[in-house]
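2 protein chains.
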Amino acid sequence: MGPLNDLKVLDLTRVLAGPFCTMTLADMGAEVIKIERPGTGDDSRAFGPHQNGESAYFMSINRGKKSLTLDLKSEKGREIFLKLVKEADILVENFKPGVMKKLGFDYESLTKINPRLIYCASSGFGQTGPYSSRPAYDLIIQGMGGLMSITGPDSATPTKVGSSIADIFAGVFSAIGILGALHNRDKTGKGQMVDVAMLDCMVAILENAVARYTTTNQNPVPIGNRHPSIAPFTSVRTSDGFINVACGNDLLWHKFCEVIERPELAKDERYTSNADRCNHMDELIPVLNDTLSENTTSFWLEKLEKAHVPAGPINKIGEVLNDPQVIARNMLVELMHPVAGKVHVPGTPIKFSETNSEIVAPAPVLGEHNEEILSKIGYSPAEIADLNQQGIV
Amino acid sequence: MGPLNDLKVLDLTRVLAGPFCTMTLADMGAEVIKIERPGTGDDSRAFGPHQNGESAYFMSINRGKKSLTLDLKSEKGREIFLKLVKEADILVENFKPGVMKKLGFDYESLTKINPRLIYCASSGFGQTGPYSSRPAYDLIIQGMGGLMSITGPDSATPTKVGSSIADIFAGVFSAIGILGALHNRDKTGKGQMVDVAMLDCMVAILENAVARYTTTNQNPVPIGNRHPSIAPFTSVRTSDGFINVACGNDLLWHKFCEVIERPELAKDERYTSNADRCNHMDELIPVLNDTLSENTTSFWLEKLEKAHVPAGPINKIGEVLNDPQVIARNMLVELMHPVAGKVHVPGTPIKFSETNSEIVAPAPVLGEHNEEILSKIGYSPAEIADLNQQGIV
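In order, the protein sequences belong to chains A and B. Using our numbering, the first residue of the first sequence is number 2, and each one after it goes up by one. Using our numbering, the first residue of the second sequence is number 2, and each one after it goes up by one.
Wrong hints could be hidden among the right ones.
A pair holds if it fits inside one copy or across any two, identical chains being indistinguishable in the list.
[Stated by the list, open to error] Below are the DSSO-like pairs computed for lysine-lysine, each with C-alpha atoms no more than 27 Å apart in a straight line:
#, residue 1, residue 2
1, Lys307, Lys102
2, Lys84, Lys188
3, Lys268, Lys74
4, Lys103, Lys307
5, Lys9, Lys102
6, Lys304, Lys97
7, Lys188, Lys113
8, Lys9, Lys191
9, Lys84, Lys307
10, Lys377, Lys74
11, Lys307, Lys97
12, Lys77, Lys113
Just so you know, the hints here were simulated from the structure itself, not pulled from any lab data.
Whole structure, please, built from the sequences with the hints as guidance.
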């Protein structure tokens, strides 16, 4: 049983940022009731690739949740929703700011019905500020938030991160905010609103770029896979790809030169200290590329590991998922989905010693838990059939 | 007062992953006591650039914490540490697995002294598995974890994300785990251990790449700033840089063609449906680059905004920090540091309605809170002076 197994989450989220947040809560044992539009459900149910008609994308970030279809604009739908709000601990939504207010379901309204409710709104720009009502997409936010301006092979090529990390960071910071508010509620009995913006999250994770800019007034630029102030700490070409090497100090640099059988580099005065190597990286990298291109990544990895020089491959996704460490950590989980069949989803990276955090259920098919959820709040089979026929659920 | 204002955190972390976790807890009001090596402290105190001798990097991720210097290998240092453990709610460390056990401070030992303790270990590969004892660096983990294999301008150029997001994700997932365990403790009175690995976190955030691989057995590759299945949803060249445009549907595509005064593109049968546009992106992108290169990013942004076509700039760090939305959300905070003077740090992306989450204190200078912390647990000024002279604090 996960640590949140006493909690009920109403999940009004779609696509990625919000669903990633509620996935994290579900992985820790919370009961997550995903409320979806009757007929089509979460937009991401349409995202390919599909397996027996079920979206692999949807299934990966909605594992362990329950699905209730509900037309929030119909009177009966609203009635059902408000009954669920009364019993909920947490509500998460990632609509554009204003949408929930229009529905009459903003925090101010819902807290009157349930003052214990923790209400988390995850959005592109946040509930306040001049851009608040703008639509947001991960690409746009990665660009506006500065991360693209420091990612890429060179300063002329600003590059998007290959996964939608503006969405994902909004999801995880939302989870942190919810759990912080939960601790406060465990003390006071009072819920509150948590407001998380994708753009804010991007600023929060710029790391040394902010310190560098505010101290020096220089805009950092993309520098490929190099480290700004340690060398060699970068990717080097091999005969079949690349290898990452991390020579954090002079001793490791000397060991590295031995392993690659270029002892003269360790003695070269251009490469004596870390500062020297940083200053001459443009000369050093081609030399290393030439040398390591004489053999394969796995050849060099084995030699460097023996010499205790930190190094690693640039794994493709298939290699990651078959890596012995990833398997040992249970980071790829097999689930049996009633329609899609056997599916694989990433595991949870939070490992508890006492309260299990194991993914046990697949993602729901659309409306899979309508009966279960509605009957629990007092609807009879006949009433449920009626709601169904009217298209309310 | 933040929601965690009743909690005491013992912080044994260094550099980034652990400090980012405890920063999040400090931002939410927890009292974070950072235990540092006497003399030098956290390695990151040496990371440039410096301001009046204080590291801008260190100051940004250690704001709001207290610093206690302590030699954990000395007998008296250990005695002090164990006194602090007795009173602590949470302990966070990011040593290589095994280091805390060697010190006698592993979870099994500390839980005997304080069964309420929540002990979070953040490491490169986790406390278990074949690579557990290996050292980890962000670059190595981004490579091994697959993110580099899907980031970059083209499939020949796997690229590291410009900020150390393997570290940062380990920090935020650690915070989630700690807060999950905290809720469980609020119910049961029992603490537990939380084990978070940077590599696991990378697998957890690969997003659609895992679904795509497990469904199709094809390894995703870097595709620059394009979207894998929507077009045009990418960066386009302008006369002074780039602009990100996100035409999520046919209507937006038509509007976009109007704005850029290329209505014939909307009628071109190669670009009729989204699938058509995806299939002909290699032809379409140069056309868009040529057209938008005729004017500046800000010229196009203004026109596209008027037409409600989602678009955005690729902001440099200075532009991000001066953006009206970023300022409105208080995402750049000015603090007065006793030595460095005025410093700026990123704000917290978690905005609470009731319990403030404001950054109020700068990062500590090394050992700044020795007296305060030691006197609270019963040491007299004379004893503290003695500990100081012996180099224990």
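Status of the hints after comparison with the structure:
no.: 1; hint: Lys307 to Lys102; result: between (61 Å within a copy, 25 Å between copies)
no.: 2; hint: Lys84 to Lys188; result: both (25 Å within a copy, 26 Å between copies)
no.: 3; hint: Lys268 to Lys74; result: neither (74 Å within a copy, 37 Å between copies)
no.: 4; hint: Lys103 to Lys307; result: between (63 Å within a copy, 24 Å between copies)
no.: 5; hint: Lys9 to Lys102; result: within (22 Å within a copy, 38 Å between copies)
no.: 6; hint: Lys304 to Lys97; result: between (53 Å within a copy, 22 Å between copies)
no.: 7; hint: Lys188 to Lys113; result: both (20 Å within a copy, 26 Å between copies)
no.: 8; hint: Lys9 to Lys191; result: both (16 Å within a copy, 22 Å between copies)
no.: 9; hint: Lys84 to Lys307; result: neither (63 Å within a copy, 41 Å between copies)
no.: 10; hint: Lys377 to Lys74; result: within (22 Å within a copy, 58 Å between copies)
no.: 11; hint: Lys307 to Lys97; result: between (53 Å within a copy, 18 Å between copies)
no.: 12; hint: Lys77 to Lys113; result: within (20 Å within a copy, 54 Å between copies)
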